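Undergrad: With the hints as extra help, turn the sequences into a complete structure.
Going line by line, the protein sequences match chains A and B. 13 is the number that numbering that gives the first Met the number 0 gives to position 14 of the first sequence; each next residue is one higher, with no gaps. 67 is the number that numbering that gives the first Met the number 0 gives to position 68 of the second sequence; each next residue is one higher, with no gaps.
A hint or two may mislead.
Claimed, not checked - Straight-line C-alpha distance at most 27 Å; calculated BS3-like pairs for lysine-lysine:
no., chain 1, residue 1, chain 2, residue 2
1, B, LYS267, A, LYS48
2, A, LYS65, B, LYS267
3, B, LYS350, A, LYS92
4, B, LYS350, A, LYS65
5, A, LYS65, B, LYS127
6, B, LYS418, B, LYS350
7, A, LYS92, B, LYS418
Claimed, not checked - On the chain B side, residues computed to face chain A include the following (Cβ under 7 Å):
no., residue
8, GLN116
9, GLN119
10, THR120
11, SER141
12, VAL142
13, LYS378
14, ILE420
Claimed, not checked - Selected chain B positions facing chain A (Cβ under 10 Å, derived; list incomplete):
no., residue
15, GLY139
16, ILE294
17, ASP421
Please keep in mind that the hints were generated in silico from the structure rather than gathered at the bench. This structure is a prediction, so every number in the text was calculated from the model and none was measured. Glycine included, C-beta positions come from ideal geometry on N, C-alpha and C.
Given next are the chains, with one letter for each unit.
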Amino acid sequence: MAKATITFEDINVTVSAPAGTRIIEISEKVGSGITYGCREGDCGTCIMKVTEGWNNLTEPSVLEDKILRENMAGKHNRLACQAQVLGGVIKVKPV
Amino acid sequence: MIKAPILIQDGVPQAVSLSERVHWIGALDPNLRTFDIILKTANGTSYNAYLVQGSDGFAVIDTVKESFADDFFARLESVARYEQITVIVLNHLEPDHTGALPELMRRAPQARLYISQKAQTMLKALLKQTELEFTTVLSGDSVSLGDRSLQFLHTPYLHWPDTQCTYLPEEYTLFSGDVFGCHFCDSRLFNDEVGDFRFSFEYYYAHIMRPFKEYVNHALDLIEPLLPLQTIAPAHGPLLRDRPQRYVKRYRELSQTTLLNETSGGEKTLLIFYISSYGNTRRMAEAIYEGAMAIEQVRVSLYDLEGSEIEPFVDLIEGADGIIFGTPTINGDAVKPVWDLLSSLAVINLKSKLGGVFGSYGWTGEAVRMVEDRLRGLKLRVPIPGLRIKLIPTDEELELCLAFGRELAQELVGLRQSKIIDMADLA
Numbered sequence: 000m001a002k003a004t005i006t007f008e009d010i011n012v013t014v015s016a017p018a019g020t021r022i023i024e025i026s027e028k029v030g031s032g033i034t035y036g037c038r039e040g041d042c043g044t045c046i047m048k049v050t051e052g053w054n055n056l057t058e059p060s061v062l063e064d065k066i067l068r069e070n071m072a073g074k075h076n077r078l079a080c081q082a083q084v085l086g087g088v089i090k091v092k093p094v
Numbered sequence: 000m001i002k003a004p005i006l007i008q009d010g011v012p013q014a015v016s017l018s019e020r021v022h023w024i025g026a027l028d029p030n031l032r033t034f035d036i037i038l039k040t041a042n043g044t045s046y047n048a049y050l051v052q053g054s055d056g057f058a059v060i061d062t063v064k065e066s067f068a069d070d071f072f073a074r075l076e077s078v079a080r081y082e083q084i085t086v087i088v089l090n091h092l093e094p095d096h097t098g099a100l101p102e103l104m105r106r107a108p109q110a111r112l113y114i115s116q117k118a119q120t121m122l123k124a125l126l127k128q129t130e131l132e133f134t135t136v137l138s139g140d141s142v143s144l145g146d147r148s149l150q151f152l153h154t155p156y157l158h159w160p161d162t163q164c165t166y167l168p169e170e171y172t173l174f175s176g177d178v179f180g181c182h183f184c185d186s187r188l189f190n191d192e193v194g195d196f197r198f199s200f201e202y203y204y205a206h207i208m209r210p211f212k213e214y215v216n217h218a219l220d221l222i223e224p225l226l227p228l229q230t231i232a233p234a235h236g237p238l239l240r241d242r243p244q245r246y247v248k249r250y251r252e253l254s255q256t257t258l259l260n261e262t263s264g265g266e267k268t269l270l271i272f273y274i275s276s277y278g279n280t281r282r283m284a285e286a287i288y289e290g291a292m293a294i295e296q297v298r299v300s301l302y303d304l305e306g307s308e309i310e311p312f313v314d315l316i317e318g319a320d321g322i323i324f325g326t327p328t329i330n331g332d333a334v335k336p337v338w339d340l341l342s343s344l345a346v347i348n349l350k351s352k353l354g355g356v357f358g359s360y361g362w363t364g365e366a367v368r369m370v371e372d373r374l375r376g377l378k379l380r381v382p383i384p385g386l387r388i389k390l391i392p393t394d395e396e397l398e399l400c401l402a403f404g405r406e407l408a409q410e411l412v413g414l415r416q417s418k419i420i421d422m423a424d425l426a
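TA: Okay, structure coming up:
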């Protein structure tokens with residue numbers, strides 16, 4: 000199975016995770032400072048900054064796009080509870 | 000003696016003028032003693048709403064709690080007809096300011112609703128209507144009322160994501176929402192006439208605004224260029240027409256670091272709190288302290304939770320870069336003094352501070368994991384798994400404590416080695 004390496008820059012931890020894993024599943028286990036509210040893509044609490052590997056994440060859904068817009072998220076922002084890793088190198092940090 | 004403004008005439012609530020074109024149309028709630036569960040008030044509160052009269056239309060700024068809607072509408076009717084209202088502004092969507100909104104929209108259907116960008120989802124959730132018409136605004140946006148206009152200031156998280164301020168430049172008046180407000184009820188309304196509300200002002204800041212100091216400072220960056228203001232018209236408490244600048248200055252002071260910073264440039268602060276019944280968790284704490292002290296540029300402090308009230312620790316934690324908690328496990332739980340401190344931190348911003356947990360235990364040892372979860376819930380980052388030791392720590396185990404302290408201190412100054420963990424190895 001394809002694997003991605005995702006680095007949480009705030010705690011300087013890198014995890015090798017199978018494709019399809021949501022970032023929330025990894026970040027909570029390693030203790031990154033990305034914080035979560037509803038955990039289902041509705042509240043916008045878990046907006047994070049993707050500093051590298053934007054295309055190594057799944058595309059944002061229409062619903063995620065809507066929440067990002069409503070929260071005036073920047074163009075490098077994603078919801079950590081929605082984004083899934085695909086492969087390659089990804090680097091993220093809390094906003 | 001100062002004559003109180005006439006709030007009720009012949010049994011009918013009346014608007015109170017701030018100027019020829021600006022009127023207070025809010026309501027007094029003198030019997031309230033507890034607000035939003037968390038706040039006390041010794042003499043109630045007010046729900047301040049305002050009417051601005053322009054040559055081409057009137058604006059209503061905020062409304063009141065639903066149970067006070069009758070007072071609000073009576074006061075509104077004393078200075079306006081519903082068909083004259085072209086604009087409704089909501090600076091904040093909490094129900095104590097939006098309770099009368101549905102009825103106001105029914106009575107003035109032609110009025111356009113102006114809310115902040117972040118208020119959209121809240122408005123829908125509040126009104127439970129899908130077909131809502133409104134305009135979202137940001138700093139720099141304005142709406143004309145003819146010879147009066149309203150400018151919007153994007154001031155989020157004061158104290159909800161949606162909050163904004165509205166400025167009336169022709170009268171140098173800022174409708175500030177909950178900012179500069181307080182729970183204080185006095186029918187004399189104006190700050191130069193009401194009783195002594197200094198405590199209420201400070202208390203309100205400490206509980207409502209303090210967790211958002213960073214955002215308060217951003218908001219003040221937008222508000223200070225407007226000085227000198229003639230009036231600050233907040234959504235609760237006295238209307239600040241006498242030297243309103245003082246309150247802006249006070250907010251700036253309160254939004255600085257609570258305690259004087261004793262560290263030198265680049266130095267990080269790490270606080271270790273512990274409590275111990277038989278001295279085992281204390282021995283761990285001392286070893287962790289020693290380990291952390293070995294790292295340069297980290298100022299480490301060790302505190303026994305038994306030795307202080309909670310409040311000074313909250314102030315210390317607010318200014319710290321890292322916090323470590325040591326707790327034994329008793330009856331499958333962390334001990335009460337630890338939870339007491341952890342439940343007192345909602346008034347400060349903890350986001351991205353470093354957290355760590357350790358503790359000695361007798362047979363189960365759940366406390367460390369529980370406190371780790373709590374720290375994550377409080378938005379701390381907890382990158383190093385907690386350290387649990389069964390009963391009395393051996394010399395080898397004390398070495399682990401030293402390493403735990405050292406590693407946390409290294410993490411704080413960015414010296415910890417990066418490593419790649421396989422997802423399968425994560426618990």
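Undergrad: Run every hint past the structure and note whether it holds.
TA: Each hint tested on the structure:
1. B/LYS267 to A/LYS48: holds (25 Å)
2. A/LYS65 to B/LYS267: violated (39 Å)
3. B/LYS350 to A/LYS92: holds (13 Å)
4. B/LYS350 to A/LYS65: holds (25 Å)
5. A/LYS65 to B/LYS127: With a Cα-Cα distance of about 19 Å, the restraint between A/LYS65 and B/LYS127 holds, given a limit of 27 Å.
6. B/LYS418 to B/LYS350: holds (24 Å)
7. A/LYS92 to B/LYS418: holds (16 Å)
8. GLN116: holds (6 Å)
9. GLN119: With a minimum Cβ separation of about 6 Å from chain A (threshold 7 Å), the hint on B/GLN119 holds.
10. THR120: holds (6 Å)
11. SER141: violated (19 Å)
12. VAL142: violated (20 Å)
13. LYS378: holds (5 Å)
14. ILE420: Nearest chain A Cβ about 5 Å off; hint holds.
15. GLY139: violated (14 Å)
16. ILE294: violated (15 Å)
17. ASP421: The hint holds - B/ASP421 has a Cβ within 10 Å of chain A, the shortest such distance being about 5 Å.
When held up to the earlier numbered hints, the structure conflicts with 2, 11, 12, 15, 16 and fits the remainder.
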